[in-house]
Each structure stands twice: as C-alpha cells, then as structure tokens.
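Q: If you want the building blocks of each chain, they are given just below.
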Amino acid sequence: MILGVAYYPEHEQPEHWPIDYKKIKEAGITQIRIAEFAWAVLEPRDGEFDWEWLDRSIEEAAACGLEVVLCTPTACPPIWLVEKHPDVLPVNRSGATVRFGARQHRSYSSKHYVDYSMRIVTKMAERYGSHPAVVAWQLDNEFGGETKFDFGECSLEAFHAYLAETYGTVEELNRRWGTVFWSQRYERFDQIPLPAKIDADVTMWQNPSLEMAFAKFSSLSIVNYARKQAEALRPFIDGRPITTNAFMFRWGDSVDWSKLFDGLDVVGMDIYSDKPHEIAFYGDACRGVLQRPFWMMEYGTGSRNLISEMELLKDRGCSRFFLFKAKPFPWGQEQGGGHPELLTLTGEPSANYGVVRDYTERHLDYIEPTEAQAAPIGLYYHFESSWSYRISVSDHIAYADYMVDTVYRSLYDETRSVDVLYTPEHIGDHKLVIVPLHLLHDAALEQRLSEYVQSGGRLIATTDLFRKNGDNVFLTQVPELYGSVFGWNANNFVTDSIRVRPSGGVYTENRYGEGKAWFVARDTSVEEWQALIAKALL
Amino acid sequence: MILGVAYYPEHEQPEHWPIDYKKIKEAGITQIRIAEFAWAVLEPRDGEFDWEWLDRSIEEAAACGLEVVLCTPTACPPIWLVEKHPDVLPVNRSGATVRFGARQHRSYSSKHYVDYSMRIVTKMAERYGSHPAVVAWQLDNEFGGETKFDFGECSLEAFHAYLAETYGTVEELNRRWGTVFWSQRYERFDQIPLPAKIDADVTMWQNPSLEMAFAKFSSLSIVNYARKQAEALRPFIDGRPITTNAFMFRWGDSVDWSKLFDGLDVVGMDIYSDKPHEIAFYGDACRGVLQRPFWMMEYGTGSRNLISEMELLKDRGCSRFFLFKAKPFPWGQEQGGGHPELLTLTGEPSANYGVVRDYTERHLDYIEPTEAQAAPIGLYYHFESSWSYRISVSDHIAYADYMVDTVYRSLYDETRSVDVLYTPEHIGDHKLVIVPLHLLHDAALEQRLSEYVQSGGRLIATTDLFRKNGDNVFLTQVPELYGSVFGWNANNFVTDSIRVRPSGGVYTENRYGEGKAWFVARDTSVEEWQALIAKALL
Amino acid sequence: MILGVAYYPEHEQPEHWPIDYKKIKEAGITQIRIAEFAWAVLEPRDGEFDWEWLDRSIEEAAACGLEVVLCTPTACPPIWLVEKHPDVLPVNRSGATVRFGARQHRSYSSKHYVDYSMRIVTKMAERYGSHPAVVAWQLDNEFGGETKFDFGECSLEAFHAYLAETYGTVEELNRRWGTVFWSQRYERFDQIPLPAKIDADVTMWQNPSLEMAFAKFSSLSIVNYARKQAEALRPFIDGRPITTNAFMFRWGDSVDWSKLFDGLDVVGMDIYSDKPHEIAFYGDACRGVLQRPFWMMEYGTGSRNLISEMELLKDRGCSRFFLFKAKPFPWGQEQGGGHPELLTLTGEPSANYGVVRDYTERHLDYIEPTEAQAAPIGLYYHFESSWSYRISVSDHIAYADYMVDTVYRSLYDETRSVDVLYTPEHIGDHKLVIVPLHLLHDAALEQRLSEYVQSGGRLIATTDLFRKNGDNVFLTQVPELYGSVFGWNANNFVTDSIRVRPSGGVYTENRYGEGKAWFVARDTSVEEWQALIAKALL
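Chains A, B and C are the protein sequences, given in the same order.
Quick note on numbering: this note's numbering labels position 1 of the first sequence as 1130, and the sequence is numbered without any gaps.
Quick note on numbering: this note's numbering labels position 405 of the second sequence as 1534, and the sequence is numbered without any gaps.
Quick note on numbering: this note's numbering labels position 290 of the third sequence as 1419, and the sequence is numbered without any gaps.
Check before you lean on any hint, since a few could be wrong.
Note that the list lumps identical chains together, so a pair holds whenever it fits in one copy or between two copies.
As the list claims (entries may be wrong) - List of simulated lysine to aspartate or glutamate pairs, EDC-like, C-alpha gap at most 16 Å:
1. Lys1154 / Glu1490
2. Lys1404 / Asp1534
3. Lys1213 / Glu1316
4. Lys1213 / Asp1319
5. Lys1151 / Glu1196
6. Lys1645 / Glu1580
7. Lys1151 / Glu1477
8. Lys1252 / Asp1179
9. Lys1388 / Glu1554
10. Lys1345 / Asp1530
11. Lys1326 / Asp1391
By construction, these hints were calculated from the structure, which means they are not laboratory data.
Just chain A, with the same shape it has in the complex (with noise of 0.2 Å):
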C-alpha cells in the first residue's frame, strides 16, 4: 500500500512547501494530493490562467521524493464565473439557488458550467498530463456530495430531453407512471415538473415514478459529467489513472456507483466513520464495483484506531491511502483548531504524526497488488432500489444504513472479506448471494439468480424482491423465480399472504436444481441474519 496525503499549496506561502514536504516525506508519506479546489487561484480571470506557483509545487514535491496526484479543481467555479453566467448556479428542492461561498454550486446541466469547467480541465491535462512527477488524476471532489439534486432551469430541460428519449412519447409515460392517478396526465413532456416541494397544508409529494425518473436522471447527470472529464484527460496524460473521491453512503447514495466508476480506472473513496465494520463494508464496497484494488483519497489523520483501520482497508484490497490532510485550515468553512491532522496549526507534528511515521517506518511496504481476490459471499447492492425506498413517504426505509448496520454487520468479522455486488455478471461462483431490499424488478438478474441457485448457489433475499419495475410502480404479476427458486407458488406477494411474521423471519426455504433459497423479513434483526447466514453457509 503507498501513503499518500492531502496538502493546499495555494495554502500556503512558497518558503513553507519544501519545510512541509519535508515533514510529509519524514512521515513516511510519497504522494501527495493537489488542487482540489484551486480553480480561482489556477484561472483568477476568465481565461487568464497562472500555472506559475502549480508548476513550482509540483517541481518542489519531486524534488523532496513526493509524487502528485493532480485534482481537477471543477468543484468550485469561481465568482467570474457565476457572476458572467448566473445560471452555472443550481437551485434546491425548495426552489432556492445554491449560492456561491460554499462548494459544489455547480449545475452539471448548465452548457456554461460544462464549458468552462472543461476547458480548465483540458488547460491542466495539457501542463500536467505528461509531467513526471504527476502519477495519477481525481476528477472533481464528491461528486453529488453537497448538490446531489438540481432544480432549476437548466436541469428541467435537459430532464425534459431525458424523458423524451427514455419514454419516447408522452402517452407512454403516462401509461407506465399511472398518471390516470389524480388526474395526473401530462400533454407533453415540457409541462412535467421537477419533483420539487408541494408544500400545501399538509406537505405532499410528487408521483413516486416521477421521483425515480428525476433520480435517475441525476445520478447519470453526474456519470456523464465525470465521463467527460476523463474524456478530456486521456488525450494527455499517456495512460495515468483516473479516478474520483465517492463518499459514504451515509451522506447519500444517489450517484450509481457502478456507472460513475465505468469510465474511470481505479474507485477512489472518502471515508469518516469509527466504526469497523462500517469501514471494512466500504473497502469491499470500493473493491466490488471494478473488482480491482481501490484507493482511499481521504481518511481522517485523527482517527484513535488509524493504524488497524488501514489494516482493515488494506486487507479488503486498498492500494494506496490519501490521509486527510498535512495541516489545519486556519480559515473557511472546515477551519479547524489543531490536532487531527498531521501537523497542528502552528507547524508542530500532531500526535498522530508520530503514529503514521512509526507504522511506515516498521509495516509499510509501498507495494500496490494489482489484483483482488474473490470472497465467498457476495452481498447485492442495487443503487435504484435504494432510491426507491429513499422516495417512498409510506414505507421509507434507509436503504443503505441497513445494508451497512444490519446486513453487513451481521457479516462482519475483521479477517472475512465479502464481495459486495452491483450488476448480475458480478454474481461469480460465491457459497451464498445475499440479496437484501432489492425491490425493483431487473430481468438479468432473475436470470442469473436463477441460474447461479440451479448451479448449486445458496440466496438469501427479502421478501420484497421484484415487487416493482423500473419506473417504480407495484407488479400486479409475481415473477417467475418465485415459484422456480423459491418454491413460492401463490398468486400473492409473499407478505400479501402471510401476515405473521414466521420465527426467526424466514418465510420459505426451498431446494432449487443443486442449490436452496430462502426468503426472508425485511425486519430481520441481526441475530437473526446471523443465524440465517451459518445455516446457509452449512
């Protein structure tokens, strides 16, 4: 595993670099990363660009045995920019526009944003993309992490785009989102709504279907927005990687993992959670999506347990490991007052300094595997489903909080890996698939559900599989794995039949060709989970 770490140039005055360089580099530490949100400080004015105090940070690091990973600084446009085009702004649910000052006040569907956001990108490739002190990229940072949603204009046509193409005509999406409900019928698409607030007297909410369509039309908002960045890269930087900072699934799940990362080369992820199999869930989750080794871009410096909490990412597949970061922000927003990072604000090594150099100093090996093994049980994460139960007012549940404190949890144990899976073909030849809240209805994974239990796979599911489709609306008909898989023959949903809930939560267990499956509550307890998962494993 390489360690890597965090640190503001732009920060800092130019005498400071080599003196903190040289403490990074004591640490133990050879890479750092840059530029994250140095946009204004890269392009002061519109088009005029200072590379200056860049290229000497970058020759600076080199020249103290630091390597860079250079980030795209897209994240922050500056105040030229919103000031010049106004509508680079997003708006929120509420119909208010994020305003500058903070970060991410960027909509991904204003032609103005993308622009200029791309040309910094490619003005940086152009510099950077062949430097050999520059190893690797990040696009952006936290992609959908304080904007994950965009309510203004430009958002609602380029939404109305994705409608008409997704649906092809408006009678279509009529029929497939029961507009018939409430007199909801549309004429054309240009007179569908964002799903905004409908703040009557009582708060209501917009047709569930229209909520996932607008979902999913954010989340690949953001896909292709990323895409075009790497896009930009490639010409220039001769085969580097490429990747991005995700964050937990606490903070919003919206951004469809396994799209996002198709384009990139390595998952990149932010982490700040104390809890093990918290953090142990992420590293399988990071290594799941391209089934390769990942990298930690952040972890906080802080942490009490920072050592046996890289071990834990180590052994779940992380190559390299980004603390967050070399200093203290002594102002904005996450200025803070000290010891968490490696050095305090007045320059002094923190306490956990001594912490990082000592275990690379005895443990680090600086080698990065270039492969993942396979665990032997896969656990099934299906973004869609999650955003389902997200938008539901009826039956809202915290998707990915139960797959992580409950399903994951009843998993854990430090030295077991689990192979967390996003799309059918990542069903392999596990002993047991788990396939929790994977409500809406995906016929290649029925297929190959079928199939992998037939060949003697063991599956777990909840009992509300399959009980929508795609535009989030209720099957009337029960899926053919039911009866085939299951041995679950009734013309019923399993709960719309069985209202007591059977001990121990599981409702069926059935043999199917060499393997057995079994459904069970979706309030299964982790006791229960547990047990349920040893028989399985039997």
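Using the hints provided, position chains B and C relative to the given structure of chain A.
A: For chains B and C alone, coordinates are given in the frame of chain A:
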C-alpha cells in the same frame, strides 16, 4: 346499513370491470363510489369531454347489481387548466405556490377554478343526474384536506371583500382588532395582509384577530364553494342525496361542519383510526350535525377490527358504509403493496375479503335507518373556539385532541352514544351538557345555556368559557351567566381570581333554577372528568 | 430605588386614564413608561401629527403625581411608511421580506426608515423635551430583538461600504479571510454576499470570516442608529437621561452592549426569568457596562418571587424598576388573559397588586443611588467571542448560556455581586478575574491581563483563550502571555498538545509576578468551577 366500496374504473382496463365488479358483489357489497379524481379523464382537453368510459363502467356495474355513488372530480384540476390559468393554484403560508402534481391544487377564490369546475360538475349532472344506477352524489374529496388556507392573490382580494362586508369601515376593523397595538392601524382594507409567516430572526406572528378573520373566511370559502356545487347538481338529480366526505379533526377542523353540511343532505366522513373511542366520537359527531343518520364514505378495509368498528358506527347512526378501497394503486402517491384492500395487486381476495363476505352473509341487513336517536349527554363542539386555540401562540391548545382524547374518552362506553352539539338549538332535553374550551362568547348560547340549566339541566363548562369575543379579543367584562348560572359573582374571570387549582379541578358548583352547573379546570384529567360526569349524572 | 410601570394611554379611552393612574399611584408607583409603540397614533398620516392625546395623558399623569419616561416609538413604522417606501422592511436570512403586522419591521440601513424615524423623534423631542413631567427618555424598544440581521438590498449596500472601510482593498480582505479556500476569492467588494443560507442538498454555510464581519456590521448598524436618536434628542431635553431597553442574552447577544450604551446615560434592560442566578447575573451585567447604577425597564409583574427579585436587583445597583405592565392587552399579539399584570382585564387589582403596594408601603425608599460599588471578582464578557461560537458549525457553543448557567452559577451567592467586565479598562483591583471562552485575540486585553497578574491578580481563563483573531481566523502562533502568564511554553495551543483532560479540568497553574494564573477546560463543570474559584480566592 348498506355496504359500499371505492372503485376507480379509469385505473383498469375495461375488460377487468366485470371481473372486479363480480368480486365486489360476491363480498356482499352493493354500491360503488367512483370518479372522485377523474377530471383529466373526463375532460382530457379544455371543453372536450369523454363520457364513454364512465357510461360503460356504470352500465356494467348496474349489470352486476351494483349501485353507484358518483363523485365530482373537482379536487384535481387537469394540467391544461393549470397551464392556461395559473391563478387556479393556491399559495401556501410561506408564499410558495402549491404546484401541480398532487391534489387539491386549487384556489376556491380563483374565478377560473370555480367556473371550470362548475362546468364539469354541471356536465356530469346533466348526463348522470337521472341515471337509474346513480343513487347519490359526493362533492369533491375531503374539502380542506391538503389545502385549508390560500395565501394567493385571488384569496387576498376575496378576503378584502369579506372584511369590507364584515366590518363596514376600516375604522371599525381597527377598533375591533385593537390595531392601536404595535401601530398596526390600517387606512384601507386593501392594505390588510393575509396572515402569512413573518419570519424575522425571532419568529413573529400576525394579530390574532386577523388570524381569526382569515380562519372564518377560509372556512366560508369552502362552504360557499360546496354549496355552489350542490346547487349546480340539484336541477338534474331528482332529489337524490348529496354529501361530501369530511375527515378527522386530527387532520384539521378548519371547515365548520355545521355550515358545510347545512346545504347538503347527508353527513359523509372518512375515518382512519384504530382507537374505538375516537371512532365512536366521530360517529356521534357525524350524527349530530344534521341530527340524522350519516354515511361513512371511506373506511380502511385493512382494519384488524373491521367488523366491531362497523358495528360501533352502525350503532351511532351510520346508514351507509363505504370501504376504502377495492384494489391497491400500483402507482401514484398512494401506491401500496397489497393486502389492506379488498383485493390484492394480483387481483386475489385479501385477508379481509373473507371477513367482509362472512359479515355480509351473516349480519348485514341492508336497511337504512332514516332517523337518529337523541342521547342523554350532549357535548358541545365549537369550531371557532378551536381556531382561536390553534391561532394562539402563548396559550395554544389542540382543541380537537382534547375533545376526543380527554373529554369524549372520559364519556366513552361502547354502548353509550353522546350527542355532539354544534348550535344552541342542538341543546334539547339532555340530562347533561358539557361545554369544554368554549373560549368565544356567543350570546345565543349564553341565553340557551341559562334556560337549559334553569329548567333542570346539568351543565359543565371549563373556566375559559366566553373569555373572548368573535374577533378573538378578550372580554373586559364578565358575562352575565357567570353569576346567574355558575354562581360566580366576582368582577374577574375565574382563574384570574383563583390562582390555585382546586382539588378535582372543580372551581365552582352551583344550583340554578331546577338545574346545576359546574366550572372545571381546562387541564382536568380523564379521571377527574369521569368523577365529575358521574356526579353530574346522579 | 424608584418604582415605575409601563402604561399605554393610547390603548384606553381618555376617561380611563385618571382611574388607572390613581390605581397605579396607590400601589406606590411614581413613574410611567409610555408611547413605546405609538408611531401610528402620533403620526397617523405622513407628516400629520396628533399630539393632543399624548399631551393630555401626560398632563393627567402629572396631575396624579406620576412622572413620565417617554419612549421613542420607532420600533413600529406605520403602514403608510411601509407602503410608500417598501425598503423600510428588512429581509430575513432565507431571503423573505419581514412583513408589516408585527414589530421591528425596519431596516437600519434604509435611508427612508432612518429619515422618517428621526423626524418623529425630533418632533417628540421638540414638544416634550423640556416638559417638567417628562423625566427621562427610552430609545425605541429592545433593539435587535425580533430583527437582528437584515439581508435586504439596503443592508447589502451598507455592508459593502463597511467592508471597504474596514479592509481598504479587496485583496486585503481576501488575504485576511483566506478566500483561497474553496476558490472563494472576490474581485470587488460588491461581489461579496450577505451570509444568507446556502441550502444545497446538504446544508452549507458561508465563510466564518464573512459571518463575523456581518455580525460586527449588524451590531454597529444598531449602535449607530441608537446614537443618532440620542443625538437628535440631546438639544431639546436639557440633560435628562437617555436609555434603551436591552434584553437577555438568551434571546440573542448580537448587539455589543459596551458600544450601545457608550453614547447613552443609563443602562436599561428587560428581564424575564425565574432563575435567581440569572437575574443576579443581569443585574451585575447591567451595572458593569457603565460602572454605574442601572434601570430595569421591564420586569414581569406576575413573578411569584417579585419582591425578593426586586431586592436582588436593587442590591446589584438597580436604581429604577419598571414593572411590565399596568394592564393586560385584550387584543394584539401579546393579548393575555389576565392576572400577571398590576390590574386584570376587568380593571380589578391583580394578585400581585397587593404585593407591590405592601412592599412600597413598608420598604421602598425612592432614593436613587448615583454610584456603584466594585466587586471582588470580575467576569469578562466578550460579545465578539460569543458571535464566533454562535457562527461556528463544528464547534458551536451557546456562549451566553455558558456564562450564565455554568460560570456565573458557580459564582452565585445572593449576597455577592460580581463585576461583569467588557473592556480591558474594566479590570481594576479585583482579587480574581475570570475570562471564559475568550476565543478572539485582543492585544490590549493580553497586555492588561499580564499587568494584572504580575501585580498580584488571580486569573482563570479557558484553554481556548486567544485562539482566533478578529477576522475569526485561527492564529498560527501562540500568544506571548501563554508562556509568561500561564507558564505554557510549548509551540502548540494547550489542547493540541494535551489530549487527555486533566482531573478537575485544570491544565496549568502558574505563578507570575505577584499573581497566579490557571488554564481550565471549556467543559469544566459547575462543581469544578466552584472548587477552582475557591482555591483561586484563597
């Protein structure tokens, strides 16, 4: 009691109608309630009507032996109307327009809304008014449900007209509202704002007299609109009864029932509760308005105690009982998974299908009582006092909850009906009349209560009786019945003189004429109420 | 101590004035406080003044032996002014205009508001300035109560001027605020927004330096406006004292008292509390500002311990004590039912009327002390540090609550006054000075504290002392007195070096010169404070 169920023919393929009708009929149900939200299907484009599907679905219902209660679909103006006349949309307390996409997105003060909705109502009346299968009409759906108050321009204009009519001159309004306080003095009616939020750094609120005037205006707007619909129907329906479905006060008692049902023929209501005393209260509350049998327009089929609750309501005067609903909605805001309806999403009988069928086979008489029995105890419900307590910031009380969960619960016995009284004339020869939280003075009620006690009645009132006038302003003189009826002769209101709560909450007990009267604390507990009521009934 | 009461002649029929005045006088009260919100009655139309009622109500008061404290009515601009000049209305943090109908609906940055309000103030001064019955003046009412911050256009413009004056160049502002963080760099002052909410999908906030500048500007806007009123009065009032009624920090300490009262003659305050230590704190806090006796401008007549609380305040330097209020308001936002005032709604003496009369008969001396005694312990209150903690998202502390409910409560003894100190000059020959949560560095205070300890003083400060500068930015160097006074010689702030909280919360104890100094934890408990204070006083 007659049994019915809500059905949405527009949600189904026509070939499913006879299948569903047959299943409904086989459960012992004889009426269906239809067309509630079907405006966009009945009038897909401005002035173009499509009756064919409704004609046919009614014919087929009749052919299956089902009668029809037809609903006006006015709670859901179609997109074309909203697009053509945006003033159809109401505005909420925060100043945001209530958008298209849910229901009740209509301003009762919008001329366009009124005109267009009256046109569809009139067209329906012309076509189906004398149809032999159509046996009754329901107006709209849950008036004042999602939209109780409208802070838009049309509403503001109508409110100014209401104030001018009510107060005559702005000087009179200034005097009665006490606008000398905080320099609130108005010079013209058109300067008076709707009582929208005033969010300074500390949340402020508007003059309580303005709030009260707006509460009365808002109730009246709905009452007048409902009457207008009823008047539009009358010429065509040959005496068939008209109702509407009011709802539980827990969801807001902002519409004065005694005025709403004054122009209609039957009281109709929707109940969603699992508390027997609450269900019983609403049975009594419905019967009381017109002192006649009433209809339950919506009752959740999925209730675990459906039969006993049906009996509870039947015993209190329910003459028609409509289940909600025949089938789950697969899409839309009320989409659901399956079993609480009569049929599941796959079309199979739900668990309660059998319960209903068994009940109708064994017990249901299908006889509608035409008169209601008076009960020995009267409980006075005063909408405007409830609004005064809702408006109050420093002395806020959830009036309806208190009536239901404290006073009525103290009275509740499965077999004992109570008369809920709404006007002085409703006080008959009851043994006991209870008047809790009647904050606003009403000269006619003062007069009637005096006569009632003098001629032998027992009266319990809380000590806040008649403390304010109809402008929501505190009286500065003690009303006459304090001395005569209650024996309270001080020149102060009760709690202004006696600051220590007496044991049992009883402040005074007084013989007057042949009867007796008690003043009790507002915060009297259920146990204390029970003790006092027992004593008063001796 | 002199006793007064708030009275609203404009609320009553003139024939009631002598009746009420007589009852007031009979209670032993000798002053009335009037005209607080009477703008619309004094100037019913633009430029048309009606003094007749005020003339007469003052005459009649004088005739009854009552003196008058006259209030400027500027907290409630009339409807005609708001209608004519809508920029009078402030805008809240969410961007909504604070509407007419309550109070404090005025922007201190609106030229129209300032001009019109100065006109009525000047007119009142001309007419009543030398009136023999008018003995003092109160400015406005509770400056910064409902409206502390103004996010409107006038305020924005004034804020830009303030920034230009404070920072000189935008480059200097960028440097001091650290706008290099997240590319926040501004090019011109007029691009800088007011720190309104940035509600993305995750709630964001503005740069803490921008927030701090706006907090200072907002306090200054009020201070300057108050001074302007005082200056308008001076030429006409012949040396009569001017005060205003500040309020409890629990409702916001956004106005710097030491600046607000700098241009006035007496500190005035409103207290609504039932906690003796809190009441005592504010007594000490009022005396401390000008180190002179102070006036209690509003105190709830209904308090259950009115007399002991009056004594508590008298002992701390209160020289005039105004009850709030003579009679309940029947209408308006503060309408009330009856007994906490001197008289009830029906005009009868309330329960506390007798309490007041008994007290004045037996105890009240009617002598105003002219000097205040210094106390042995000083407690330093720093408004700007309080704002810094209020602004902080990750390290938010309710500074005022901490001062009152932790530190002062630890010190509190009914008979022991404490000097609340606001400036370095306030530190005299106290035995002990306590400086809790003084987050912002102040060179003059650093200097004064050094001298104070060197010459024998005892000093307790919390370990967050001087961690930030006045721009709300963390220092990167440890201040000199850390080493000299506190004996802390590390090149780190205290808690950055010592991560384990020491027992008792005491980090360091150090002799310096003739005195001694302690660094204690911010989270020191009441018991720990008491132990340390006892030790420090030895």
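Q: Measure nothing new, just compare the shortest in-copy and cross-copy C-alpha distances for Lys1213 and Asp1319 to 16 Å and report within, between, both or neither.
A: between (27 Å within a copy, 14 Å between copies)
Q: For the identical chains here, do Lys1388 and Glu1554 meet the 16 Å Cα criterion within one copy, between copies, both, or neither?
A: within (14 Å within a copy, 65 Å between copies)
Q: For the identical chains here, do Lys1213 and Glu1316 meet the 16 Å Cα criterion within one copy, between copies, both, or neither?
A: So Lys1213 and Glu1316 pass the 16 Å test across copies only (13 Å; inside, 36 Å).
Q: Within a copy, between copies, both or neither: where do Lys1404 and Asp1534 come within 16 Å Cα-Cα?
A: within (10 Å within a copy, 35 Å between copies)
Q: Classify it for me, Lys1151 with Glu1196: is the Cα-Cα distance of at most 16 Å met within a copy, between copies, both or neither?
A: Classified as within: same-chain Cα gap 13 Å, cross-chain 76 Å, threshold 16 Å.
Q: 16 Å Cα cut-off: does Lys1154 pair with Glu1490 within a copy, between copies, both or neither?
A: The answer is within: 12 Å in one copy meets 16 Å, while 82 Å across copies does not.
Q: Between the shortest in-copy and the shortest cross-copy C-alpha distance, which are at most 16 Å for Lys1151 and Glu1477: within, between, both, or neither?
A: within (13 Å within a copy, 74 Å between copies)
Q: One pair to classify: Lys1326 and Asp1391, alpha carbons no more than 16 Å apart. Within, between, both, or neither?
A: neither (33 Å within a copy, 36 Å between copies)
Q: One pair to classify: Lys1645 and Glu1580, alpha carbons no more than 16 Å apart. Within, between, both, or neither?
A: within (12 Å within a copy, 80 Å between copies)
Q: Please work out whether the CA atoms of Lys1252 and Asp1179 approach to 16 Å or closer within one copy, between two copies, in both situations, or in neither?
A: within (11 Å within a copy, 61 Å between copies)
Q: When no copy is named, should Lys1345 and Asp1530 be tagged within, between, both, or neither for a Cα gap of at most 16 Å?
A: neither (21 Å within a copy, 42 Å between copies)
Checked against the numbered hints given earlier, this structure breaks hints 10, 11; the rest are met.
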